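Same order as they appear, the protein sequences are chains A and B. So for the first sequence, the numbering used here puts the first residue at 25; every next one is plus one. So for the second sequence, the numbering used here puts the first residue at 25; every next one is plus one.
These are computed hints drawn from the structure, not numbers from a lab. Computed from a predicted structure; not experimentally measured. In this text, a Cβ means the ideal position worked out from N, Cα and C, and glycines have one as well. There may be inaccurate statements among the hints.
[Said to hold, decoys possible] Using 16 Å as the maximum straight-line C-alpha spacing, the simulated EDC-like pairs for lysine to aspartate or glutamate come out as follows: (1) A:Lys-197 with B:Glu-207; (2) B:Lys-129 with A:Asp-202; (3) B:Lys-194 with A:Glu-155; (4) A:Lys-129 with B:Glu-372; (5) B:Lys-194 with A:Glu-207; (6) B:Lys-186 with A:Glu-127.
[To be verified] Here are a few chain B residues that face chain A, going by a calculated C-beta distance under 7 Å: (7) Glu-120; (8) Tyr-121; (9) Val-123; (10) Thr-124; (11) Tyr-128; (12) Tyr-160; (13) Pro-304.
Below are the chains, spelled out letter by letter.
Number of protein chains: 2
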Amino acid sequence: MNMKIKWLRDRLRTQNLQGMIVSNPVNVKYLTGIEAEGELLITLKENFFITDSRYVEAVNTILTIEDEILVNDKKNLTKDDYAAFFIFCENVGFEEYFVTYAEYKELLQKYRVNLMETEHIVEAQRVIKDEKEIQYIEKACEITDKCFEYLKSFIKIGMTEKEIAFEIEKFYKTNGADDVSFEPIVASGHNSSMPHAVPGTRKIKDGDLILIDMGCKYKGYCSDMTRMMFVNYMEDEYKEPYEICLRNNESAERELKDGKNMKVIAQNSNNDLKQNGYTPLHSLGHGVGLDIHEEPFFGIVYDQPLKENMVVTVEPGVYKSGQFGIRIEDTVLITKLGCQKLTRSPKEPTIIEG
Amino acid sequence: MNMKIKWLRDRLRTQNLQGMIVSNPVNVKYLTGIEAEGELLITLKENFFITDSRYVEAVNTILTIEDEILVNDKKNLTKDDYAAFFIFCENVGFEEYFVTYAEYKELLQKYRVNLMETEHIVEAQRVIKDEKEIQYIEKACEITDKCFEYLKSFIKIGMTEKEIAFEIEKFYKTNGADDVSFEPIVASGHNSSMPHAVPGTRKIKDGDLILIDMGCKYKGYCSDMTRMMFVNYMEDEYKEPYEICLRNNESAERELKDGKNMKVIAQNSNNDLKQNGYTPLHSLGHGVGLDIHEEPFFGIVYDQPLKENMVVTVEPGVYKSGQFGIRIEDTVLITKLGCQKLTRSPKEPTIIEG
């Protein structure tokens, strides 16, 4: 039995829904492993995947009998077939945050059923990772650690940020990752003061600090890590802010564990930054999984406890506008007693030989 | 006066719409040049762009007085402000193919106006390119021609398809393009028989044919070109299909001109392939602009004439399952008297020294 679908069915029951149409391909992959265009139909008894002839063979290869999913080629389906899928259902959920208005109207017409909003029901389920998902994220983090190690000897004075970002992509694609999980941020010198800097043509100089925020995907699951490098030596002006950022990161990570309130942890981190004279420019972190940013989110709105087997980032940053930015970020797994770091690159300042 | 917005207003009038909410960022960029998160509100008198504080400054830098667009930071807007934007409008259009069901409900609540479907109104406008748009596409095509020229000496026996695809991305990013317009297809030997092959770890061998389908973006506008390379020599088995494909490509390009029916051109190309013993596996081509695939599309459903200043691809392919695929593709501009090729790499077989 597919445990993810079983869990979803139980939730649907409590919401008085007898079925659901899953359209978001990330959610389809999460529930079934399927990576193909199509619609996943969940009912309390049977499940169907409606796709086209290009995918039927590949989808059937991925699915096992455990999944209890019948694959249908849409070219063989009549109007009556569509209306029959949910024939015993009064209310069927759909993904109102993913489906366009035009698609919603098409679903209504095709399945002839009462469609109900589901309020991120599958996204909420994705928050707690199972053993396999954790393994995949761990592997993505391991490749990211290796990439950081490689960059220490690769980066030299005179290279542009773009060239380094490009090398990161190349490392990932040739070292077992599916792809990057987001466009790498390589921000040197004063460019680092923008939290979402885009790598540009600035060339690395002696004494520079370089902020590197990067991650990859392994079997669809993401990693996310930020570290700082210093070229040949660490300027005095960076020493105190680095200490502040590192202490903040480590304090926050020490607070993480099952049951701890996320809002409180975020507030503690923000207060510490403010007490040290820095304005927090972004939230402390976010969930990581099939999406690089997914629930749960640290911040003053997310007044909820952490739970065992959530995977989140912890990424405080200290920024001085137009001068520098320092951010240290790990991807970590929440456990009963604390957290387990999945990115393990050293966090003391990394001095490289330019 | 912004001519694109003027044109759109005229169209809105004929559909009894007094305004429109443009949410698709590609359409916002098309109409205004703005590349920022936000909503563009068109009314018959004034236009507004609703964004957040991160973008206000950058957006105001792009806009000119000609655009007649007032930029609003949403944090300064009250509920009544939102309701006032369309106060003199009875019916306001929205993009039902882009906006999610949840967003649609939010728009309804925010603007308190009667929302009407617009059936790709802006996408239809984008079909005819203006002078500047043509210049940008021409530049993207020129960079693609240069990339092809570069690849002739770069590709060597023993390289993998992935390495070559990666080099294409690198060339684009370091030679004036914004980015690739799609992930390059590099398919060698029997891999070329799949029209949408993904570059893999197969290594280039002596006597291989290599299908390269690539394009880049320049100021947001795309190019698209496919050429074949042959390593050291051209196997006899490839000679006839290459001739068939090239003749088909050239015949189709000769047929293109303002007023010519797209369905007829597509049928002629398909019939020619069939007469030569090949099954057409994909359509003859598609529009190119801010999106790599956009209207108009060649094919049996698009029973409409070509028009001056459309930009389309012409890409017939001959495929022998599990053995080889040969495709030759140009991006071309439709003119009164014919078409003008925007990709200009030579189309005779390219023999490279491996």
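Verification of the supplied hints:
1. Proximity of Lys-197 of chain A to Glu-207 of chain B is assessed by CA-CA distance (about 13 Å); at most 16 Å being required, the pair is judged to hold.
2. Under the criterion of a C-alpha separation no larger than 16 Å, the hint pairing Lys-129 of chain B with Asp-202 of chain A is inconsistent with the structure, at around 37 Å.
3. At roughly 37 Å between alpha-carbon atoms, Lys-194 of chain B and Glu-155 of chain A are farther apart than 16 Å, so this suggested pair is violated.
4. Our distance criterion of 16 Å between C-alpha atoms is broken by Lys-129 of chain A and Glu-372 of chain B, whose separation comes to about 49 Å.
5. Restraint check: the Cα-Cα separation between Lys-194 of chain B and Glu-207 of chain A comes to about 14 Å, which is no more than 16 Å; the hinted pair holds.
6. A hinted pair counts as satisfied when its Cα atoms are at most 16 Å apart, and Lys-186 of chain B with Glu-127 of chain A does not qualify at roughly 36 Å.
7. This hint holds: Glu-120 of chain B has a C-beta 4 Å from the nearest C-beta of chain A, less than the 7 Å allowed.
8. Annotation: interface hint on Tyr-121 of chain B holds; nearest CB of chain A at approximately 5 Å, less than 7 Å.
9. Proximity of Val-123 of chain B to chain A holds as hinted, the smallest CB-CB distance being about 5 Å (cut-off 7 Å).
10. The interface hint given for Thr-124 of chain B holds, since its Cβ lies 6 Å from the closest Cβ of chain A, which is under the 7 Å cut-off.
11. Because the beta carbon of Tyr-128 of chain B sits about 4 Å from the nearest beta carbon in chain A, less than 7 Å, this interface hint is met.
12. The interface hint given for Tyr-160 of chain B is violated, since its Cβ lies 21 Å from the closest Cβ of chain A, which is over the 7 Å cut-off.
13. Annotation: Pro-304 of chain B was flagged as interfacial toward chain A, and the flag is violated, the nearest CB pair being 16 Å apart, outside 7 Å.
Violated hints, in rising order: 2, 3, 4, 6, 12 and 13; the structure is consistent with all others.
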